[in-house]
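So the protein lines, in turn, are chains A and B. Quick note on numbering: my numbering labels position 157 of the first sequence as 157, and the sequence is numbered without any gaps. Quick note on numbering: my numbering labels position 11 of the second sequence as 11, and the sequence is numbered without any gaps.
Certain hints may be false.
You can't tell identical chains apart in this list, so a pair holds if it fits in one copy or across any two.
[As the list claims (entries may be wrong)] Derived DMTMM-like pairs: lysine to aspartate or glutamate, alpha-carbon spacing no greater than 20 Å straight-line:
hint	residue 1	residue 2
1	Lys-192	Glu-249
2	Lys-183	Asp-225
3	Lys-156	Asp-64
4	Lys-92	Glu-216
5	Lys-232	Glu-216
Don't read these hints as lab results, they were simulated from the structure. In this text the structure is predicted, and so the values were computed from the model without any measurement.
2 protein chains.
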Amino acid sequence: MSNNRPLILVTNDDGITAPGIRNLISVMNELGEVVVVAPEGAMSGQGHAITINNTLYCDPVVIDDGPQKEYKSNGTPVDCVKLAMDQILHRKPDLLVSGINHGSNSSINIIYSGTMSAAVEGGIEGIPSIGFSLTSYKWDADFTAARHYAKLIASKVLAANGNLPAPFILNVNIPYFALEEIKGIKIARQAKAKWVESYDKRVNPQGREYCWLTGEFVNMDQGTDTDEYALKNAYVSVVPVSIDLTHYELMNNLKGWLDKK
Amino acid sequence: MSNNRPLILVTNDDGITAPGIRNLISVMNELGEVVVVAPEGAMSGQGHAITINNTLYCDPVVIDDGPQKEYKSNGTPVDCVKLAMDQILHRKPDLLVSGINHGSNSSINIIYSGTMSAAVEGGIEGIPSIGFSLTSYKWDADFTAARHYAKLIASKVLAANGNLPAPFILNVNIPYFALEEIKGIKIARQAKAKWVESYDKRVNPQGREYCWLTGEFVNMDQGTDTDEYALKNAYVSVVPVSIDLTHYELMNNLKGWLDKK
Chain A
1 MSNNRPLILV TNDDGITAPG IRNLISVMNE LGEVVVVAPE GAMSGQGHAI TINNTLYCDP
61 VVIDDGPQKE YKSNGTPVDC VKLAMDQILH RKPDLLVSGI NHGSNSSINI IYSGTMSAAV
121 EGGIEGIPSI GFSLTSYKWD ADFTAARHYA KLIASKVLAA NGNLPAPFIL NVNIPYFALE
181 EIKGIKIARQ AKAKWVESYD KRVNPQGREY CWLTGEFVNM DQGTDTDEYA LKNAYVSVVP
241 VSIDLTHYEL MNNLKGWLDK K
Chain B
1 MSNNRPLILV TNDDGITAPG IRNLISVMNE LGEVVVVAPE GAMSGQGHAI TINNTLYCDP
61 VVIDDGPQKE YKSNGTPVDC VKLAMDQILH RKPDLLVSGI NHGSNSSINI IYSGTMSAAV
121 EGGIEGIPSI GFSLTSYKWD ADFTAARHYA KLIASKVLAA NGNLPAPFIL NVNIPYFALE
181 EIKGIKIARQ AKAKWVESYD KRVNPQGREY CWLTGEFVNM DQGTDTDEYA LKNAYVSVVP
241 VSIDLTHYEL MNNLKGWLDK K
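Only chain A is shown next, with the shape it has when bound in the complex:
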């Protein structure tokens, strides 16, 4: 961190005009110098997608009268982080925050989430990075509690002044309760859960069959140390995220079996 105010990069996957990111920007303006690089439209479920076969635009935009600088892009959340690092920022930011997502990114949702993939990309780049999500999909949700915890957690991370292990990536989910009903923060592990799909099959006006993806979230994890458990019990869940996907236990099992000549 320089002697100046900390530099904070803000992005999301719901698009630059979503209430979640507008709330996050206004909170971050209290903590540092804010640059926003975010998708112009909805990018939910984009995971860690990047744009290889298409052109990317990234243009300055003014959305409100806050002090932040803003850019909107046709790219994915991960594209936005890469564009910010290479094209817009003149130094490495002290913090990347992504969100506040409209809807939970707890448990297995992290794998599908553009919000969290932007935070993961920040972590790969060596930036302390936090994805914030509120467990309500409502566009007009009350962000009071989410704002409070976003400010609290971002402040603590900034106060560490860069003395953090790398990568430093947090998946923060805020349960949709009134601020005074939330019991605090729980450091948790990712619950074992999955989505069970059930496509909604229809026929288009030309007679061709098509589907909409729908599904049901199923938590198979009975643990009391998970993000799902924390959220159900009115705690903010914080799951630190790894970018090393190696399954070390399985690695040992495979030796002498799969590599045998």
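Place chain B on chain A using the hints.
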């Protein structure tokens, strides 16, 4: 696995007509009953993207005279796996194979790769799943060695007859050498590496600036137990993949700090 021939689901991210998947299909036809559900076009870099805000098509298609059943979709690789499970297959496949990708998915590439995300989705669904990638981007690459190792590894996994830990997800990369030059298989961990971006900035005919994503792969890992090291030394690398992204070491560090009232 049933008493019948094993059921093998095949997908990729280079599109259903790519030489890599055509080679993989012909190899898998030797091992079981093959159903292909793959993107109609290129989906490289799609990561774990899913299609939420758009309609999905999935139609039967005949591409060659092999015994496999094939379906092409406008969806991402992960959509293809979900569509196969919910709409096409009548039972859980015994194996999912994805690829053979044109280009490496070693190290950090796993996070961006549609090929590997399809395998990860298979793992989430409880299917033993393998992503295969050849370290050559050439469309007319020689797949002889890749075919050999795809058959060898898939056979061993099928021979385990479902007695495998879950999730069972392998990231297999085949170095671009002649078959007889490859020294064998190394079980490895994901190397610590990243892409350093450098956008190629241009001006479109309307005078608006746009970018193409380009970048350089940088391996920061000196370890001799990594996938990068194995590939450089003419070994096929096999990295088992976890779907639990929790950073357990950091989790312990955060306790008593971030959750303090």
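What hint numbers does the structure not satisfy? 3
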